[in-house]
Each structure stands twice: as C-alpha cells, then as structure tokens.
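Chains as they are written, first to last, in this note's numbering: chain F, 3 to 199; chain A, 3 to 199.
A hint or two may mislead.
Pairs count within a copy or across copies, as identical chains cannot be separated in the list.
In silico PhoX-like pairs for lysine-lysine, Cα to Cα no more than 25 angstroms straight-line [said to hold, decoys possible]:
(1) LYS157 <-> LYS22
(2) LYS97 <-> LYS54
(3) LYS21 <-> LYS54
(4) LYS54 <-> LYS22
(5) LYS21 <-> LYS157
(6) LYS97 <-> LYS22
(7) LYS21 <-> LYS97
These are calculated hints, taken from the structure and not from any lab test.
Number of protein chains: 2
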Amino acid sequence: MNSIDALIALLSKLPGIGKKSAGRLAYHILESDRSYAQLLAGQLAALHDIIKHCSLCGSWTESDPCPICADSTRDASLICVVERSQDVRVIEDSKEFRGRFHVLGGLIAPLEGINPDDLTIGRLIHRISRENIHEVILALNPTVEGDTTSLYIQKMLEESPITLTRLASGLPVGGDLEYADRLTLSRSFRGRIRMER
Amino acid sequence: MNSIDALIALLSKLPGIGKKSAGRLAYHILESDRSYAQLLAGQLAALHDIIKHCSLCGSWTESDPCPICADSTRDASLICVVERSQDVRVIEDSKEFRGRFHVLGGLIAPLEGINPDDLTIGRLIHRISRENIHEVILALNPTVEGDTTSLYIQKMLEESPITLTRLASGLPVGGDLEYADRLTLSRSFRGRIRMER
Numbered sequence: 003m004n005s006i007d008a009l010i011a012l013l014s015k016l017p018g019i020g021k022k023s024a025g026r027l028a029y030h031i032l033e034s035d036r037s038y039a040q041l042l043a044g045q046l047a048a049l050h051d052i053i054k055h056c057s058l059c060g061s062w063t064e065s066d067p068c069p070i071c072a073d074s075t076r077d078a079s080l081i082c083v084v085e086r087s088q089d090v091r092v093i094e095d096s097k098e099f100r101g102r103f104h105v106l107g108g109l110i111a112p113l114e115g116i117n118p119d120d121l122t123i124g125r126l127i128h129r130i131s132r133e134n135i136h137e138v139i140l141a142l143n144p145t146v147e148g149d150t151t152s153l154y155i156q157k158m159l160e161e162s163p164i165t166l167t168r169l170a171s172g173l174p175v176g177g178d179l180e181y182a183d184r185l186t187l188s189r190s191f192r193g194r195i196r197m198e199r
Numbered sequence: 003m004n005s006i007d008a009l010i011a012l013l014s015k016l017p018g019i020g021k022k023s024a025g026r027l028a029y030h031i032l033e034s035d036r037s038y039a040q041l042l043a044g045q046l047a048a049l050h051d052i053i054k055h056c057s058l059c060g061s062w063t064e065s066d067p068c069p070i071c072a073d074s075t076r077d078a079s080l081i082c083v084v085e086r087s088q089d090v091r092v093i094e095d096s097k098e099f100r101g102r103f104h105v106l107g108g109l110i111a112p113l114e115g116i117n118p119d120d121l122t123i124g125r126l127i128h129r130i131s132r133e134n135i136h137e138v139i140l141a142l143n144p145t146v147e148g149d150t151t152s153l154y155i156q157k158m159l160e161e162s163p164i165t166l167t168r169l170a171s172g173l174p175v176g177g178d179l180e181y182a183d184r185l186t187l188s189r190s191f192r193g194r195i196r197m198e199r
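Please take these sequences and the hints and turn them into a complete structure.
Written out as structure tokens, the structure is:
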C-alpha cells in the first residue's frame, strides 16, 4: 500500500468520512502547502499527551482542574450532567449556563454492554454528597439511552435533598410542526408552557 | 487557543469539513486509541517527502516514473488526458482504460488566472511529438473550463496526425430523465447512439 492509500485508509476511519471523501481530503492535503500537513501532524501527535480528563468534572482539558472547574466566579452549587465532553462545548457556546459540569462518559446502553459502572455516575453521587450542590440539571440527549440514564440517576438520588431537573424537550426553534415526529410532538404537548396574560 | 481548538481549526480548513464536523472529528480522534492519532500524524508528516509528481505523466507517485508509466504491458500508444491526479485513480478503478495518462494539473480558467502556460499542455504536445502516440482521449469534466481546455488542446493538435477523442457526455447510468439538466439532455441527444437491429 502506498502512502496516499495508507492516508486514505486512516482518514476513512473517521466518523462521516467515506472512502470517497477520504480520497478528496488526502489529495487536498497533498496539494496544499506542506506546512499545513506538518502542523496537522504535530497537533495529532501531541494531542493525547496534552489533553487529559479533568479530575473533577471529567471533561477534556489541558490543565487540571479544567478552566471551568477552576473558575471561582461560576456557580458551584449548580451541576450540569452531560454525556460527553463535546456537550460541554455546545452548552458553553450557548452562554445559558454558569454552573459547573459533570461528564458521564457515555449513556447506559445494556445492549451495547454499557452499564452504570462504566460511567462516572458513582463519582457524580460522590460529588453531590461532598460539594454544596443545590441543583443537578440532566442535559442528556432525548433518546432511549438518555432517558434510561436520567431515570437511573433520578433513582440514585431519591434520598438526596437536591433539586433534580432535566432539559425541556419539544419542538426545535425554527422547526416545522409538519416535520416534527410523534414523540417530539407528544413531549412538547406534555411540557406545554402557560402564557401569562 | 488550546490543543483541541487548534486541531479543530486545522481540520475545518479541509474541503467539506465545517466547524461542527471538525469538532466531531477532533473529539473522535481524542477518544480513539492514541495509536490512531500517532499513525495519522506520521502519514501526514511524511506525505510530502514520499509523494512526488511522476516526471512522465505528472500524477502523484512514490516512485518515478509512476507504476502506470513504468508498466510495459500497458498500451503506450494511448494517452488519457485528465485534470488532476485523483482522476487517474477514478479511471483506474473503472478498469476501462489500459493506456497511459497525462495530468494537466488543472483546467484553463482565465477568470481565476489559470492560463494554458500554468498547465502541462506544453509537455503533452511534447510527449505526443516524441512518443509513438496513436490516440489522445480527453477525459476532462464536462464543464465550461473542461470544454475550453479541450478546445485549446484540439487547436494545438490541429496539425498532428493522431486521433483525438473526448469522453461521451450524457445521462448518467441510473439517472432519471426527469432530473437531467437541459445541457446534459441536449448533449445526450446530440450524442445519441444508433441501435443495431
């Protein structure tokens, strides 16, 4: 196998990149300035040495604790529970939340062999018992796995005095009623909001 | 800028990869085995040192001349002219052509500042005059730039005794007449083929 084929084979292992796209990317890199390939290679080679899990919230970070956990201006009584580190970025971009995070590292999915013990749920319970937490917001995907995980955490915190909430589920902003699926529609009915007059 | 952001910025420079996709790729790489990132980094770092242009046909290759030009079982009297090195791969995959190639390195596009002198057209004419070529097949994209380039090469070879052909243009196999654009339809009419009875 020659170098281009080897590169294409590696690139096509990335999510959403088929063999054709991988070929296009490889040739693009080849035809770009070599400094681009060198920069990209350098970032990739160093990535796993530089980026670690935050020992508090579990999200990817260069410094431990991560900038969010280390930020004393954030509300330490609020924890937002997410599936993956990427979700932290999405929520941070929305600028909607000023508390701290907890990254589960996945969702409960027995069929795929992912059990509660494979996630950081134990550490979440531990954090809640030790830190001075008032509210835990579950920001998990509105899927079967997300709902299962939310219910499991709800059960684990049955005895806890904290407030447990989950993100509203319903029609996406800018979406079209006509294209909403039955479940989303049903959730947006059950979660309907009273309009003050 | 931290390492993940730097990687995302680099990845989002690739064609067809937006900022969101780049983020997904970066996190996927981070969550994959580190050996994958190392392998990919190695391929990228070495790419421009290993891959060169073939001094005969101009396509990307590890050895010079490239395996296709060096293959004495191929028909040396047949040259297929393509825009880019990737096109060689596509045509090779079709197993339809057993001659050699000539890579132009682009198409004539005056508005983008690409003139005949920026391409390897001169070298093509030189090859045709020196090698024992019977037929030159123009396999350029059926676009304005492709047609302009084909016409230019046709003009340059006016005096030459070789046979000059171009790929048939028409309805794609599996396509739907209803969705064919006017130009494609008009070309498939003009290029219609007599059915023997």
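Verification of the hints:
no.: 1; hint: LYS157 <-> LYS22; in the structure: neither (47 angstroms within a copy, 34 angstroms between copies)
no.: 2; hint: LYS97 <-> LYS54; in the structure: within (24 angstroms within a copy, 48 angstroms between copies)
no.: 3; hint: LYS21 <-> LYS54; in the structure: between (31 angstroms within a copy, 22 angstroms between copies)
no.: 4; hint: LYS54 <-> LYS22; in the structure: between (33 angstroms within a copy, 22 angstroms between copies)
no.: 5; hint: LYS21 <-> LYS157; in the structure: neither (45 angstroms within a copy, 38 angstroms between copies)
no.: 6; hint: LYS97 <-> LYS22; in the structure: between (37 angstroms within a copy, 17 angstroms between copies)
no.: 7; hint: LYS21 <-> LYS97; in the structure: between (37 angstroms within a copy, 18 angstroms between copies)
Consistency with the previously given hints fails for numbers 1 and 5, ordered from lowest to highest.
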